[in-house]
Amino acid sequence: MKLFDLDSPLMQALGKMADLMWLNILTFICCIPIITIGPALTAMHYMALKMARNEECYITRGYFKSFKQNFRQATLIWLILLFVILVIIGDFYIMRSSGISFHIVLQVVITVVAVLVLFTGMFVFPVLAKFDNTIWRTFKNAFLMSIMQFPKTILMIILSVLPVVLFFVSMRLTPIVFLFGMSVPAWLSAKLYNKFFKRLEDQISGAAAGEEGEGTSGEEPEEDERIFKDELDESLVEDATRNG
Numbered sequence: 011m012k013l014f015d016l017d018s019p020l021m022q023a024l025g026k027m028a029d030l031m032w033l034n035i036l037t038f039i040c041c042i043p044i045i046t047i048g049p050a051l052t053a054m055h056y057m058a059l060k061m062a063r064n065e066e067c068y069i070t071r072g073y074f075k076s077f078k079q080n081f082r083q084a085t086l087i088w089l090i091l092l093f094v095i096l097v098i099i100g101d102f103y104i105m106r107s108s109g110i111s112f113h114i115v116l117q118v119v120i121t122v123v124a125v126l127v128l129f130t131g132m133f134v135f136p137v138l139a140k141f142d143n144t145i146w147r148t149f150k151n152a153f154l155m156s157i158m159q160f161p162k163t164i165l166m167i168i169l170s171v172l173p174v175v176l177f178f179v180s181m182r183l184t185p186i187v188f189l190f191g192m193s194v195p196a197w198l199s200a201k202l203y204n205k206f207f208k209r210l211e212d213q214i215s216g217a218a219a220g221e222e223g224e225g226t227s228g229e230e231p232e233e234d235e236r237i238f239k240d241e242l243d244e245s246l247v248e249d250a251t252r253n254g
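The opening residue of the sequence shown carries number 11 in my numbering; numbering runs sequentially from there.
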């Protein structure tokens, strides 16, 4: 196989890098208005999972498909998360800046809440990108997944924080962070939770097939839709029981 053949490992790696770079640029641009950060991150995770599964996809079309489809829920989820994060930051600021001595129990409670919010935040947008649920169930399922996938959740946090660390370590790395700082961690994270998601999707699809039979839609499967199921948390409990 020639080095520059389209199917060569080198060309495939370069193609993947180009896709990740464009995905990162799209996400960065869509995050600029601040209020659209939720839909932007959801669309990024939607495409990152497709790339992790080596599914044929068109970055721009797929990205804005998910962005539009999840805009309302993703925006509300982001605003809820932002409010909670600001409250937690405010609590920590008050504890450090005021001369008041806060009880250790209160400090521990706030720290635990912050960790739980961080864990949930790692999964809430990937869950929204793939599973269609109410906002409450999306938060609940994201939290359950983060606990069930605890070691992988820690790795996902490290992957997400690493670009920020690199940015502050050396300004020379700014171009790399700008081009790959969000999409690459999302893609690597998708590789971590892909098998878990796939197992849940198979459970839900199998249950749906048993109830409704095989679908006969003539739509192209090139861009898969979300799994439409509002009882994902039940599947999580069943999965935990089998693997516990």
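Quick caveat, the hints were computed from the structure, so don't treat them as lab data.
Since the structure is predicted, the reported quantities are computational estimates derived from the model, not experimental observations.
Some clues are possibly wrong.
[To be verified] Label-pair ranges, simulated between beta-carbon atoms: (1) 113 x 68: 16 to 24 angstroms; (2) 184 x 128: 22 to 30 angstroms; (3) 171 x 27: 35 to 43 angstroms; (4) 209 x 145: 34 to 42 angstroms; (5) 82 x 105: 34 to 42 angstroms; (6) 122 x 93: 14 to 22 angstroms; (7) 32 x 103: 33 to 41 angstroms; (8) 114 x 75: 45 to 53 angstroms; (9) 125 x 23: 18 to 26 angstroms; (10) 209 x 126: 39 to 47 angstroms; (11) 82 x 178: 32 to 40 angstroms.
[What the hints assert, rightly or not] Quick list of in silico lysine-lysine cross-link-like pairs, BS3-like style, CA-CA up to 27 angstroms: (12) 78 x 201; (13) 78 x 208; (14) 26 x 150; (15) 205 x 26; (16) 26 x 75; (17) 201 x 150; (18) 78 x 26; (19) 201 x 26; (20) 201 x 162; (21) 78 x 150; (22) 150 x 162; (23) 205 x 75; (24) 208 x 75; (25) 150 x 205; (26) 75 x 201.
Ideal Cβ placement from N, Cα and C applies to all residues, glycine included.
Hints, verified against the model:
1. The hinted window of 16 to 24 angstroms between residue 113 and residue 68 is violated, with their beta carbons roughly 55 angstroms apart.
2. A hinted range of 22 to 30 angstroms holds for the C-beta pair residue 184 and residue 128, which are about 25 angstroms apart.
3. Checking the proposed 35 to 43 angstroms range against residue 171 and residue 27 shows it is violated: the Cβ atoms sit about 22 angstroms from each other.
4. In this structure the hint that residue 209 and residue 145 lie 34 to 42 angstroms apart at CB is violated, the actual value being about 24 angstroms.
5. Distance hint for residue 82 and residue 105: a CB-CB separation of about 35 angstroms, consistent with the stated range 34 to 42 angstroms.
6. For the hinted restraint 14 to 22 angstroms between residue 122 and residue 93, the CB-CB distance of approximately 18 angstroms keeps it satisfied.
7. Restraint check, residue 32 to residue 103: a C-beta distance of roughly 38 angstroms satisfies the suggested window 33 to 41 angstroms.
8. A hinted range of 45 to 53 angstroms holds for the C-beta pair residue 114 and residue 75, which are about 49 angstroms apart.
9. At about 36 angstroms, the beta-carbon gap between residue 125 and residue 23 misses the expected band of 18 to 26 angstroms.
10. Separation of residue 209 from residue 126 is about 24 angstroms and departs from the stated range, judged on CB atoms against 39 to 47 angstroms.
11. Restraint check, residue 82 to residue 178: a C-beta distance of roughly 35 angstroms satisfies the suggested window 32 to 40 angstroms.
12. The suggested pairing of residue 78 with residue 201 holds, with an alpha-carbon distance near 24 angstroms, which does not exceed 27 angstroms.
13. For the proposed pair residue 78 and residue 208, the alpha carbon gap of about 24 angstroms is at most 27 angstroms, so the pair holds.
14. Among the hinted pairs, residue 26 with residue 150 is inconsistent with the structure: their alpha-carbon atoms are about 33 angstroms apart, more than 27 angstroms.
15. Taking the CA atoms of residue 205 and residue 26, the gap is near 20 angstroms; set against the 27 angstroms cutoff, the hint holds.
16. A distance of roughly 20 angstroms separates the Cα atoms of residue 26 and residue 75; the hinted pair therefore holds under the 27 angstroms criterion.
17. This hinted pair checks out: residue 201 and residue 150 have alpha carbons roughly 22 angstroms apart, not beyond 27 angstroms.
18. A C-alpha spacing of about 24 angstroms is found between residue 78 and residue 26, which places the hinted pair at or below 27 angstroms, so the restraint holds.
19. Between residue 201 and residue 26 the CA atoms are separated by roughly 14 angstroms; this keeps the pair inside 27 angstroms, and the hint holds.
20. Taking the CA atoms of residue 201 and residue 162, the gap is near 10 angstroms; set against the 27 angstroms cutoff, the hint holds.
21. Restraint check for residue 78 and residue 150: the C-alpha separation of about 23 angstroms stays at or below 27 angstroms, so the hint holds.
22. Distance check on the hinted pair: residue 150 and residue 162 sit about 18 angstroms apart at the alpha-carbon level, within 27 angstroms; holds.
23. For the hint linking residue 205 to residue 75, the alpha-carbon distance of about 24 angstroms falls within 27 angstroms, and the restraint holds.
24. Simply put, residue 208 and residue 75 have alpha-carbon atoms about 21 angstroms apart, close enough for the 27 angstroms limit, and the pair holds.
25. For the hint pairing residue 150 with residue 205, the CA-to-CA distance comes to about 20 angstroms; that is within 27 angstroms, so the pair holds.
26. Distance check on the hinted pair: residue 75 and residue 201 sit about 22 angstroms apart at the alpha-carbon level, within 27 angstroms; holds.
Checked against the numbered hints given earlier, the structure breaks hints 1, 3, 4, 9, 10, 14 and satisfies all the rest.
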